[in-house]
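K.L.:
The primary structure of each chain is shown beneath.
Number of protein chains: 2
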Amino acid sequence: MKVTVNVFLKDGVLDPQGKAAHHALDSLGFKGVADVRIGKQIILQLNTDDEDEAKTQAKEMCETLLANTVIEDYTIELN
Amino acid sequence: MKVTVNVFLKDGVLDPQGKAAHHALDSLGFKGVADVRIGKQIILQLNTDDEDEAKTQAKEMCETLLANTVIEDYTIELN
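Those sequence lines, one after another, are chains A and B.
Using the working numbering, read the first sequence as starting at 1 and increasing by one per residue.
Using the working numbering, read the second sequence as starting at 1 and increasing by one per residue.
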């Protein structure tokens with residue numbers, strides 16, 4: 001089962017990568033950009049077809065490794 | 001208008017970040033993982049309410065800055 005995990009910085013946490021991209025877009029002439037935030041998208045292929053189990057596993061992976069929950073939030077989607 | 005851009009390595013391109021995460025998950029005892037791929041999720045806030053214009057702008061940004069189209073693919077979603 002394919003699980004998509006999106007990890008992004010919490011609101012209010014400074015996002016230097018996003019700021020750099022915003023600045024670069026500005027320099028390239030894209031003037032209509034109000035904000036840019038950059039996060040990670042992690043695509044997991046799990047050896048289970050049970051939706052609940054896949055979700056539980058993915059949540060545990062996020063809490064222990066994939067996300068830094070002090071400064072990051074995450075969402076889990078099953079595909 | 002909020003535009004979500006997902007940038008990920010093309011199939012067949014080696015993903016060392018994903019490999020490292022896979023290995024780390026294995027070491028932590030998550031044995032049911034077949035594959036891990038890691039990409040970027042870029043959330044753009046554009047100063048336009050026109051869907052076509054937003055999509056065109058986002059595509060141009062991907063082609064010129066956000067994605068390395070030699071090794072990366074991207075998808076654009078309007079929210």
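Misleading hints may appear alongside valid ones.
Claimed, not checked - Computed cross-link-like contacts, BS3-like style, restricted to lysine-lysine with a CA-CA straight-line distance of at most 25 Å:
no.	chain 1	residue 1	chain 2	residue 2
1	B	Lys10	A	Lys2
2	B	Lys59	A	Lys31
3	A	Lys59	B	Lys55
4	B	Lys19	A	Lys40
5	B	Lys2	A	Lys19
6	B	Lys40	A	Lys19
7	A	Lys19	B	Lys55
8	B	Lys10	A	Lys31
9	A	Lys19	A	Lys40
No lab work stands behind these hints: they were computed from the structure.
K.L.:
Each hint should be assessed against the structure and marked as holding or not.
P.N.:
Here is how each hint holds up against the structure:
1. Only pairs whose Cα atoms come within 25 Å are accepted, and B/Lys10 paired with A/Lys2 is accepted, the gap being roughly 17 Å.
2. For the hint linking B/Lys59 to A/Lys31, the alpha-carbon distance of about 15 Å falls within 25 Å, and the restraint holds.
3. Annotation: proposed proximity of A/Lys59 to B/Lys55 is violated, straight-line Cα distance about 32 Å (limit 25 Å).
4. A C-alpha spacing of about 15 Å is found between B/Lys19 and A/Lys40, which places the hinted pair at or below 25 Å, so the restraint holds.
5. Between B/Lys2 and A/Lys19 the alpha-carbon distance is near 16 Å, which keeps this suggested pair within the 25 Å criterion.
6. This hinted pair checks out: B/Lys40 and A/Lys19 have alpha carbons roughly 15 Å apart, not beyond 25 Å.
7. A threshold of 25 Å between alpha carbons decides the hint, and for A/Lys19 with B/Lys55 the separation of about 21 Å falls inside it, so the pair holds.
8. The suggested pairing of B/Lys10 with A/Lys31 is violated, with an alpha-carbon distance near 30 Å, which exceeds 25 Å.
9. Taken as a hint, the A/Lys19 and A/Lys40 pair is honoured in the structure, with Cα atoms around 16 Å apart against an allowance of 25 Å.
Hint compliance for this structure: hints 3, 8 are not met, and every other hint is.
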